[in-house]
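> From first to last, the protein sequence lines are chains S and X. Be aware that the first sequence starts at 1, since it is given in the numbering used here, and climbs by one per residue. Be aware that the second sequence starts at 412, since it is given in the numbering used here, and climbs by one per residue.
What the hints contain is simulated information worked out from the structure, not anything from laboratory work. No residue lacks a Cβ here, since even glycine has one placed at the ideal position from N, Cα and C. Do not rely on the hints blindly, as some may be mistaken.
[Claimed, not checked] Residues from chain X that face chain S, not an exhaustive set, calculated with beta carbons under 7 Å:
1) Gly-473
2) Ala-476
3) Ala-477
4) Gly-480
5) Met-481
6) Asn-484
7) Gly-518
8) Gly-629
9) Ala-631
10) Ala-711
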Amino acid sequence: MPHTSRLHVPRPPSRPGEAPDFGYVRLSPAGAVARPDVAASAADMESLSVDLIRVLDDEHRAQGPWNPRLDVAELQVGLRYMLLTRVYDDRMLKTQRQGKISFYMKSTGEEAVAVAGTMALRPTDMLFPSYRQQGAYLVRGSALVDLMCQLLSNTRDMCKGRQLPVMYHSVPGRVFSISGNLATQFPQSVGWAMAAAIKGSDDLASSWIGEGSSAEADFHHALLFASVYRAPVILNVVNNQWAISTFQGYAGGEQRSFAARGPGYGIPGLRVDGNDFLAVYAATAWAAERARRGAGSTLLELVTYRAAAHSSSDDPSRYRPRDDADRWPLGDPVERLKQHLIALGEWSEERHQALAAELDARVAAAWKEATTYGTQTDGPRLDPDLMFEDVFKELPQHLKEQRDDMHRGRG
Amino acid sequence: MAQMNMIQALNAAMDITMTRDPSVVVLGEDVGYFGGVFRVTDGLQRKYGVHRVLDTPIAEGGIIAASIGMAVNGLRPVAEIQFADYIYPGYDQIVSELARLRYRSAGAFSAPVTIRTPCGGGIRGGQTHSQSPEALFAHVCGIKVVMPSNPYDAKGLLIASIEDDDPVLFLEPKRLYNGPFDGDPNKPAVPWSTHPKGEVPDGHYHVPLGKAEVIREGNALTIIAYGTMVHVAEAAARSLSLDAEIIDVRSIVPLDVETLCRSVAKTGRCVIAHEATRFSGFGAELTATIQERCFWQLEAPIQRVCGYDTPYPHAFEWEYFPGTQRVARALAAVMEAR
């Protein structure tokens, strides 16, 4: 009998040069999945971690019990933020290619995740994003110029030159500082939510990680603490299929859905069409209501596709088919909401083009202003003394001495 | 004033801060209903309730991460890690997150978390209940590291740590919980009631972070130690009838370089003692710092007395432990050199 290994080595369905194949993505028809009461037991809704919550159908109509029944004005605001995110991403990647910033990460194809996931919450709720939820900062009112100055590490950089581009934060917008280390913010968001409950406040926390980093222990700590203390927190796994070059099978996605981690901890796990603005909004609103009622946390798996490269340093054509994104069965979130509004008679191609042009001009103007505060190569520069501040609240003696050493000349 | 052992002193520090500041919460494995495996949090849950004294899952990474999130939301968590040997699952959350949050967000967010954890050997704890990992944290930018050697300092330093706006790792030498220990396991145990530092004020006070204490003035040489080794150093100097100046570092980060160097500049001779392993131990930093600043006053090479560079062995604890004999050998070597 020939020896065959029993070791299973996951392989993505298609590699460069092969035809894209998304047969592994289990789909449900729009409107087909039941919407349980927000206070229902996690054990009674395990099917939600297998099925896919979808609202928008192929004719761009909203269907079924998860339809959040948003006003047209709200839908238009959502479209505006998603399109702004896309325009911003496109422009900022170009500035990276021109050598104006060192690094960039786009969220193309995933705009609904952050925009709908933020719009469905209250402004007082605290957000703990990963690095691909720039839409959250836009919804929470961060100025484009402020975000750009962070990318530029210039004299108006909110991080004072200490962080890689896209590691933003916003105190007034209640968006936590992005670490750059993956998954660490997930259990921290649970601690934040525990404190909210301890203090008797009505606020909740929401956090996002990728399916790839759900492999980290932090993910499991988050679910465990969220379950044990029934913390008012929404835990979002953004399943965009790819962690740099590693497909979701290596995070354990071949055996069970990521949403199914929830029921294992006694937490509802909802598998949601992440490219369907209405579905993301509705699932987030459901989880928020559940948390505010004291019924605890929810795990949302937002099924989406990372249409762009992982970062400006990545070339996905080396590990997946070039036309993968075009064949993604859940389409594009901007296009789908646009077509929904058109189907409602509340939008048009012309208005869409005009909006895109307006947002592009806005982003261009903001960039022009941001660069006046300095770039990597030109203009004013941050005071290097800032390197020594904020290590501790007060500057300790040894850092004073090292700062003085720097003053004697660098290099 | 009251007579307290170190457990009572630490308990009093938490009790006082919890009374004064409703944002102080305590969390950790077994700390709530049971009061902690060393009884340091005994009675706190009864007094302050289950929302302020939380038993947690056995997940150190989760404990530290939850503490960070709580602190960002306005609480002042005091997290217990049951043994310092168990802290490593939380190491990433401490090193990459807790210590750097203020820096990376340019002061927009910070997390005033105090992490208490029993450290050190001498209790037959073997390699998983005896470690002294202070150097692994002293090397990290943005977290303070403290180790008291007596009940008076334990209470004052813990109150100062909890009230500090920076994160603090508070290492508790567990061999000293019930009494001073001079390194000889064959002598009968001595209670803190026999020691002047077992006298602890009832109310609120600080022992400031960043200040070493000269616990014995002398002119022949300087011994720098912290934690359990302070008491071993005293016994070793006594055994040789040396006029040693003994300094209790107390605060590893920030380090009171001025007090250390003033003493060595005066005596010209220096021995450094810690329980932790020698190679890249904190003694190396102390040695380098003193050498840089006191080289021309030194009469002899600086000597280090440390744990051997092996895991902490269960059956050979007293061969491993840097006791009075080994410290005395180093003292004699430093005194003989000319």
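> Are there hints from earlier that the structure breaks, and if so, what are their numbers?
8, 9 and 10
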